[in-house]
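Based on these hints, arrange chain R on the given structure of chain F.
Number of protein chains: 2
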Amino acid sequence: MKKSLGANPLVYPTPVWVIGTYNPDGSANVMTAAWGGICCSKPPCLAVSLREATQTHGNILRNKSFTVNIVTEQFIPEADYFGISTGKNTDKFADTGLSVEKSSLVDAPMIKEFPLNLECRLKDVVEVGLHTQFIGEIIDVKAMESILGEQNVPDVDLLRPVVFSPVVRKYHLLGETIGRAFHIGKQFRKKENK
Amino acid sequence: MKKSLGANPLVYPTPVWVIGTYNPDGSANVMTAAWGGICCSKPPCLAVSLREATQTHGNILRNKSFTVNIVTEQFIPEADYFGISTGKNTDKFADTGLSVEKSSLVDAPMIKEFPLNLECRLKDVVEVGLHTQFIGEIIDVKAMESILGEQNVPDVDLLRPVVFSPVVRKYHLLGETIGRAFHIGKQFRKKENK
Numbered sequence: 001m002k003k004s005l006g007a008n009p010l011v012y013p014t015p016v017w018v019i020g021t022y023n024p025d026g027s028a029n030v031m032t033a034a035w036g037g038i039c040c041s042k043p044p045c046l047a048v049s050l051r052e053a054t055q056t057h058g059n060i061l062r063n064k065s066f067t068v069n070i071v072t073e074q075f076i077p078e079a080d081y082f083g084i085s086t087g088k089n090t091d092k093f094a095d096t097g098l099s100v101e102k103s104s105l106v107d108a109p110m111i112k113e114f115p116l117n118l119e120c121r122l123k124d125v126v127e128v129g130l131h132t133q134f135i136g137e138i139i140d141v142k143a144m145e146s147i148l149g150e151q152n153v154p155d156v157d158l159l160r161p162v163v164f165s166p167v168v169r170k171y172h173l174l175g176e177t178i179g180r181a182f183h184i185g186k187q188f189r190k191k192e193n194k
Numbered sequence: 001m002k003k004s005l006g007a008n009p010l011v012y013p014t015p016v017w018v019i020g021t022y023n024p025d026g027s028a029n030v031m032t033a034a035w036g037g038i039c040c041s042k043p044p045c046l047a048v049s050l051r052e053a054t055q056t057h058g059n060i061l062r063n064k065s066f067t068v069n070i071v072t073e074q075f076i077p078e079a080d081y082f083g084i085s086t087g088k089n090t091d092k093f094a095d096t097g098l099s100v101e102k103s104s105l106v107d108a109p110m111i112k113e114f115p116l117n118l119e120c121r122l123k124d125v126v127e128v129g130l131h132t133q134f135i136g137e138i139i140d141v142k143a144m145e146s147i148l149g150e151q152n153v154p155d156v157d158l159l160r161p162v163v164f165s166p167v168v169r170k171y172h173l174l175g176e177t178i179g180r181a182f183h184i185g186k187q188f189r190k191k192e193n194k
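Each protein sequence line maps, in turn, to chains F and R. The first sequence begins at 1 in this note's numbering and counts up one residue at a time. The second sequence begins at 1 in this note's numbering and counts up one residue at a time.
Okay, chain F solo, but in the shape it has when bound (with noise of 0.2 Å):
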């Protein structure tokens, strides 16, 4: 017999992202957000939600566009300082000493020191509730050398990206990997499928 949670967002793992905007003077901001996700492959996009209260909103809407910035171990605090933070009346990345890198493909910051940040074209808007969906048309995806593996790809041993534990607000690693996908099912194929 199960017990009843009640309607809460409990599910695992949670993402812990930094999204990237400019203010309407121009100047660089930063918030973090875990409710998001892929939300298609061709065009690739991915969504992520925000209430209607923040400043990286009303960015938004007014500049198309956002950047995705993956947070990962050695930047938890600065990261935990962006979701406590308001950008209305401080700099973020002053107060964290992070640096500001332009991208050249849309218009929105990106963390320099952040390992892997993806560039994102505002594609669509949905009103959800208290918080609003933003899906972002992937334009293109900025790696640090040291954290690629097989394939070109981030190796997540090297990427060390965080996870995050609604309701509990705890962070967690990643740890060890576990089998391949797409493969480690076949066992159940019936044999005249196999």
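Wrong hints could be hidden among the right ones.
Any copy, or any two copies together, can satisfy a pair, since identical chains are not distinguished.
To be verified - With a cut-off of at most 35 Å between alpha-carbon atoms, the simulated DSBU-like pairs for lysine-lysine come out as follows:
1. K88 / K64
2. K123 / K88
3. K186 / K42
4. K42 / K112
5. K186 / K88
6. K102 / K186
7. K190 / K42
8. K102 / K2
9. K170 / K3
10. K2 / K42
11. K112 / K2
12. K88 / K3
13. K186 / K112
14. K112 / K3
15. K64 / K112
16. K186 / K64
17. K112 / K170
Read the hints as simulated data drawn from the structure, not as lab findings.
Relative to the frame of chain F, chain R by itself:
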């Protein structure tokens, strides 16, 4: 100088969820999806994206309901099988020996052996491209008592949720818990704001 990796869905972490729906004949179907995330706190909603070619796509549109069954370490081979087989000509429950658990709240089946299940009612449908995004309102969350920790919320060390890496197609475990969110970033606050 960073390297351009092109327009690819390279975000981390990405979840592994098994989506439960009923087929037109009333039998239970499941498929594995990795394109999803939470998209709203109030009402609590999640989004999952599926290709139109899948059996689950039609099932969700017809029944206006689906469940999300969180993949945990113990069930990686089963979940992988649910992603590489089709419910159009196989009974995925029979093939893997897993059991259907009926939901009393939504018109969709849960996997009894999976320790954490979310019951969702279809709220919105967004055509993104190759994938259709289904936004589901989380009506309830069901959990085995054995995976609950503080605040009656799943403890990830007990749940052992699995993470997926796109493109390189690998599964990973969660690792160490490394910090309290909304807390460890306070070190960057200026003294007058602390």
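Evaluated hints:
For the homomeric pair K88 and K64, the shortest alpha-carbon distance inside one copy (19 Å) is at most 35 Å, but the shortest distance between copies (40 Å) is not. In this assembly of identical chains, the alpha carbons of K123 and K88 lie at most 35 Å apart whether taken from the same copy (25 Å) or from different copies (33 Å). In the homo-oligomer, the alpha carbons of K186 and K42 lie at most 35 Å apart inside one protomer (26 Å), although the nearest pairing across protomers, at 40 Å, exceeds that limit. In this assembly of identical chains, the alpha carbons of K42 and K112 lie at most 35 Å apart whether taken from the same copy (27 Å) or from different copies (34 Å).
In this assembly of identical chains, the alpha carbons of K186 and K88 lie at most 35 Å apart only when taken from different copies (17 Å versus 52 Å within one copy). Taking the closest pair of Cα atoms, K102 and K186 come within 35 Å of each other only across two copies (27 Å); inside a single copy the shortest separation is 45 Å, beyond that limit. When the C-alpha separation of K190 and K42 is checked against a cutoff of 35 Å, the pair qualifies only within one copy, where the shortest distance is 32 Å, while the shortest distance between copies is 44 Å. In this assembly of identical chains, the alpha carbons of K102 and K2 lie at most 35 Å apart only when taken from different copies (12 Å versus 50 Å within one copy).
Taking the shortest Cα distances, K170 and K3 sit within 35 Å of each other both inside one copy (22 Å) and across copies (31 Å). Only between protomers do K2 and K42 lie at most 35 Å apart by alpha-carbon distance; the minimum there is 24 Å, versus 38 Å within a single protomer. Taking CA atoms no more than 35 Å apart as the test, K112 paired with K2 passes between copies only; the shortest distance there is 9 Å, against 46 Å inside one copy. In this assembly of identical chains, K88 and K3 lie within 35 Å of each other by CA distance solely across copies; the values are 32 Å between and 42 Å within a copy.
Taking the shortest Cα distances, K186 and K112 sit within 35 Å of each other only across copies (22 Å), while inside one copy they are farther apart (42 Å). In this assembly of identical chains, K112 and K3 lie within 35 Å of each other by CA distance solely across copies; the values are 12 Å between and 45 Å within a copy. In the homo-oligomer, the alpha carbons of K64 and K112 lie at most 35 Å apart inside one protomer (21 Å), although the nearest pairing across protomers, at 43 Å, exceeds that limit. Taking the shortest alpha-carbon separations for K186 and K64, only the inter-copy value of 31 Å comes in at or below 35 Å, while the best intra-copy value is 43 Å.
Taking the shortest Cα distances, K112 and K170 sit within 35 Å of each other both inside one copy (25 Å) and across copies (27 Å).
The structure meets every hint from the earlier list without exception.
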